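**Student:** Given next are the chains, with one letter for each unit.
There are 4 protein chains.
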Amino acid sequence: MARYDFASDNVAGAMPEVIEALTRFNGGAVAGYGDDAVCARAADAIRGLLDADAEVRFAASGTAANALVLAALAQPHEAVIAHEHSHVATDETGAPGFFGAGLGIIGLPGASGRIDPGTLAAALARPDEPHWQSAAALSLTNATEFGAVYGEDDLAGLITAAKASSLKIHLDGARLANAVAFGFDPKATARLGVDVLVLGGTKAGSTPTEAIVLFDKTLAKRFGARLKHGGQLISKARFLAAPWIGMLESGAWSTRAAHANAMARRLADHMPFTVTHPVEANAVFVDMDEAAYGRLRQAGWSVYRFIDGSVRFMCSWATSEAIVDELIETLKAIA
Amino acid sequence: MARYDFASDNVAGAMPEVIEALTRFNGGAVAGYGDDAVCARAADAIRGLLDADAEVRFAASGTAANALVLAALAQPHEAVIAHEHSHVATDETGAPGFFGAGLGIIGLPGASGRIDPGTLAAALARPDEPHWQSAAALSLTNATEFGAVYGEDDLAGLITAAKASSLKIHLDGARLANAVAFGFDPKATARLGVDVLVLGGTKAGSTPTEAIVLFDKTLAKRFGARLKHGGQLISKARFLAAPWIGMLESGAWSTRAAHANAMARRLADHMPFTVTHPVEANAVFVDMDEAAYGRLRQAGWSVYRFIDGSVRFMCSWATSEAIVDELIETLKAIA
Amino acid sequence: MARYDFASDNVAGAMPEVIEALTRFNGGAVAGYGDDAVCARAADAIRGLLDADAEVRFAASGTAANALVLAALAQPHEAVIAHEHSHVATDETGAPGFFGAGLGIIGLPGASGRIDPGTLAAALARPDEPHWQSAAALSLTNATEFGAVYGEDDLAGLITAAKASSLKIHLDGARLANAVAFGFDPKATARLGVDVLVLGGTKAGSTPTEAIVLFDKTLAKRFGARLKHGGQLISKARFLAAPWIGMLESGAWSTRAAHANAMARRLADHMPFTVTHPVEANAVFVDMDEAAYGRLRQAGWSVYRFIDGSVRFMCSWATSEAIVDELIETLKAIA
Amino acid sequence: MARYDFASDNVAGAMPEVIEALTRFNGGAVAGYGDDAVCARAADAIRGLLDADAEVRFAASGTAANALVLAALAQPHEAVIAHEHSHVATDETGAPGFFGAGLGIIGLPGASGRIDPGTLAAALARPDEPHWQSAAALSLTNATEFGAVYGEDDLAGLITAAKASSLKIHLDGARLANAVAFGFDPKATARLGVDVLVLGGTKAGSTPTEAIVLFDKTLAKRFGARLKHGGQLISKARFLAAPWIGMLESGAWSTRAAHANAMARRLADHMPFTVTHPVEANAVFVDMDEAAYGRLRQAGWSVYRFIDGSVRFMCSWATSEAIVDELIETLKAIA
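Chains as they are written, first to last, in my numbering: chain A, 11 to 345; chain B, 11 to 345; chain C, 11 to 345; chain D, 11 to 345.
Since the hints were made in silico from the structure, they are not lab data.
Be aware that one or more of the hints could be misleading.
One copy or two, either will do: identical chains are not told apart, so a pair holds if it fits within one copy or between any two.
Stated by the list, open to error - Listed next, the in silico DSS-like pairs over lysine-lysine satisfying Cα-Cα at most 30 Å (straight line):
no., residue 1, residue 2
1, LYS231, LYS173
2, LYS173, LYS227
3, LYS197, LYS231
4, LYS342, LYS173
5, LYS227, LYS342
6, LYS197, LYS227
None of the values given here were measured: they were computed from a predicted structure.
So here's chain A without its partners, still in its complex pose:
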């Protein structure tokens, strides 16, 4: 029987603080579609975390939230610049193109999922021609798909360059909790000039919920209609909001991310295979040949070979030291 513990950070259930909040806010009749006190309180908690006067909406899927937001930042005949291995470029089955009516993605290289400033400059310098989709937005991901964390200075450089070319800025924060646990200041998001943040709840340890944070409040106009048109306006919105109250008012959103990061660190420290990316968040990527990979799967562990050829191990809020140690034993045996 396959064991999925390290397959992704979405294989875990929800943290106790989330289940408690779902139960706590379950009673009574409240307005639907986000116009209720639970949503308002969750939005306040998110504004507090980010120290910003932003509009906040909730969605049930990170893929949808990203795609819908990119469609708000770029016209169908325009493109979004993103890392070539980012989630929006490689792991959303074309959702940005669907939500954006054929919106293009310009994939740029860069080590460990961080966009290389030089290639960004070159992409921005490309002349505007009717024969291709010119960039209207820059999409960044922190922590990256490869478990690296952008520092505030790294982001400032990229964002400044993009804004100089009038691009809008999207931050995919599916794993922002892990970046924050590594030291990234969540308050930097607004300071840096991000226009829209998709703040990750699910991978942080919630039942399905992501927060769309509109720092650029002009985007909020008719955003409810945009959400409903895109199939993302949930009627019983309190159930997307309550988890945020549970996670943020308790601090568990970041403390549990710190635990996930520590488990990745523990795994990396005893890893008998070569680690291929910086272990700054909750992921460990290693170089593993097909034979060893086969033995690992034979031993029952279900993990993925990633787009760069590395084998990926993800930790989550629910990962225990014991299971990390058990995996390490197996890895040593198959190495």
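Given the coordinates of chain A, work out where chains B, C and D should sit on it, guided by the hints.
**Tutor:** Just chains B, C and D now, kept in the frame of chain A:
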């Protein structure tokens, strides 16, 4: 302070059976995106309810589920026939047109949300021309937007006519539980030749979840990709599946719908305003002039004036006799 | 053998001035995609006609030009207000919804294709809610689908009301030549605050070409990319531009429209059936029962029964007095 | 003043046979939208060329024709395999993604625009997962973007492999005339199992027209509606059809392509720069450093640096020996 108790059936929280199931299936690491035992067990429960060997998927939004399914049944240059006041035609902010890349809706009249067979025949007789979107599917809703319930014979007539014109059949079952509680046999769905059913969980009393039931299993090909492309493939799918286990294995899905229906019946029986549609499910529509409507809102009750001008009162699994009686008192006072 | 002479104004070939211009500008190598001197000269001629400093692009289809322009004026989750029987609402097979990624059309009534100001006011007063597509643009048609011509005052009233609600204004000018021939001042278009005009070439007597006139020049940003993305950037653009030089520099665009209008007038003046709409442009609509309509078709004349039940006769630049008289004879015989 | 003679094959006007046909078929009233005798005769001529009983439609733009056809061959959540430098992948401003509602393109490498069979096999072997867009169609281009011509055997290998994976086959024949002039048998198209061919008229020497040839006639169902929905159903369709009668009944479509190919051959034979791709059709690609390229432009010749870094010279039906020789003189001077 506004009271939302009768504003919709989505103002209620989740029934205890749902919260219990969410908690019960929260533990352990399971595969994401629907490939887990919780989803499999929920799908089995749904197949049992419907007595059909169908493929089952889950989505977080009924609007999205309907729109995505219609896009699978009709090409962008084709149309879907639906009641002119159906949810897909009037209450989804164009989502079917978005998911369907410009898919058209042909709205037909009919009393209390039930499509009139004569107008369907006329619509089906319209010749195929390149200058308009010809019908490729028929969308039906049971219970209807006006709280009426189609009998099996009514549906058989409409479906037979549509299939004779090679249309595919979609059933919007957002309130199928209420139709079942009124006497509609859920096993009739497959028998009637419905191709896809969107089975309602949320309004029945769940946290957000709807089940997409593909009776026509050829539609299941690459349906996971279709869901992800459309922003509807939830990673922690167990949280969309567990509620179904809670509702169906206990029977609460229909017994609690019967309660909701009974509360609507109780309200209708003491209603001092003229009831404008048959009270067969969990809704009561009444004729109320602006002055009385103003007094009702003044008294704190938030309800809607519907598309036909009636004022709508919705009951849910959570509606108590006491609150029905309290509303009746107010209504008598303002009449 | 069917005779199509009165079936539409697109059954005619191209006027001599168009064929001459196509031949005149055929020689030599010129830049593609609109960056050539032929396109520049045609754009100048159009700016001259309209007395406005607008950006001008060309498209091969009026349906496409309208749909693409509406997608530039309204977001996918918004709607365009148009007459319920306008071309964009009834005769484009959902193209606005396709180009606009599910963009909605709000159809308003009004005699002979002219929007009723009262219903416009009511539509504009509808509150902004996430559950439907709120209006972002108003689409007007002059001459209307029913051969009526809006006066400048009529349009001013509608446009002023729409602009007060921040709507953008689209004018479908497929038959603007006929409106101009009736007395509408083409220079009024800019004066009235129209944001985009689709200026009709094809029905006026050209080979396929329509001009997209962007009075709001901010819309011109990346418009070439928008056109190519939408399949409307023609490489040998000179062949869409040359006809405009032929039609406008000679004056034939309006003088030949005056001929078409006169032929409709002649037909109406001798029409033995009741005329159902004002004959202000090149169309005559009549009340004709099925029996007479059958005899007309039996006699070989192919015309359409329109959306309002009237039978439509269209005249064009190519309609001769002789053929009008021949039709009148037939009509008298079958009446 | 820039000289565009070698910038593209779309800088030329229309060949005399096309102008003559436009004039010949200009007279009289005919049915619109393709239901006329001119379209029927043109379709017959195309069926004769291809020796196949296919359905034929006309479009004004090759980009649109390709994009619309790909949308008919693959679902939005699926992808089309194409050469990474093909027109659909690099030069259509995202039109396939727009027409296909987010349809993906999987770009494969291969010398001179020909897809490498090994990489195709690898792409076809990729497992079907919901997290990416799996291939539903293969798009081939003959002659390729780099002026190479696939032989029938080359195509047979690729098509057989694709069909074994149930893919549909699209052939972009924007320059099929040049491939035919090089020796490719147009009758091979049907024999090879191509499902849809976009047969190029514009670059061959016509006013704007492309033919969509549906070998798989099941695709013809409601294709007129698909065209209109996509903004590609031209009312005065005779003007898209007549050029085909002019080009095909005279043989000029291929004989003039042979001339274009011969001009490219002449240019290549005297080219002082290194030729970088096989000169099999009407293009010559060369290795030219920035300094020389600057001198070339300084001398007034406007040509493009292509996606592979080569500088491209295109010949057309209108390219004279004299101008080729004049260019050669310049090239020798700047080398």
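**Student:** Would you mind marking each hint as holding or not holding in the structure?
**Tutor:** Cross-check of the supplied hints:
no.: 1; hint: LYS231 x LYS173; verdict: both (22 Å within a copy, 18 Å between copies)
no.: 2; hint: LYS173 x LYS227; verdict: both (17 Å within a copy, 23 Å between copies)
no.: 3; hint: LYS197 x LYS231; verdict: within (24 Å within a copy, 34 Å between copies)
no.: 4; hint: LYS342 x LYS173; verdict: neither (48 Å within a copy, 45 Å between copies)
no.: 5; hint: LYS227 x LYS342; verdict: neither (52 Å within a copy, 45 Å between copies)
no.: 6; hint: LYS197 x LYS227; verdict: within (17 Å within a copy, 39 Å between copies)
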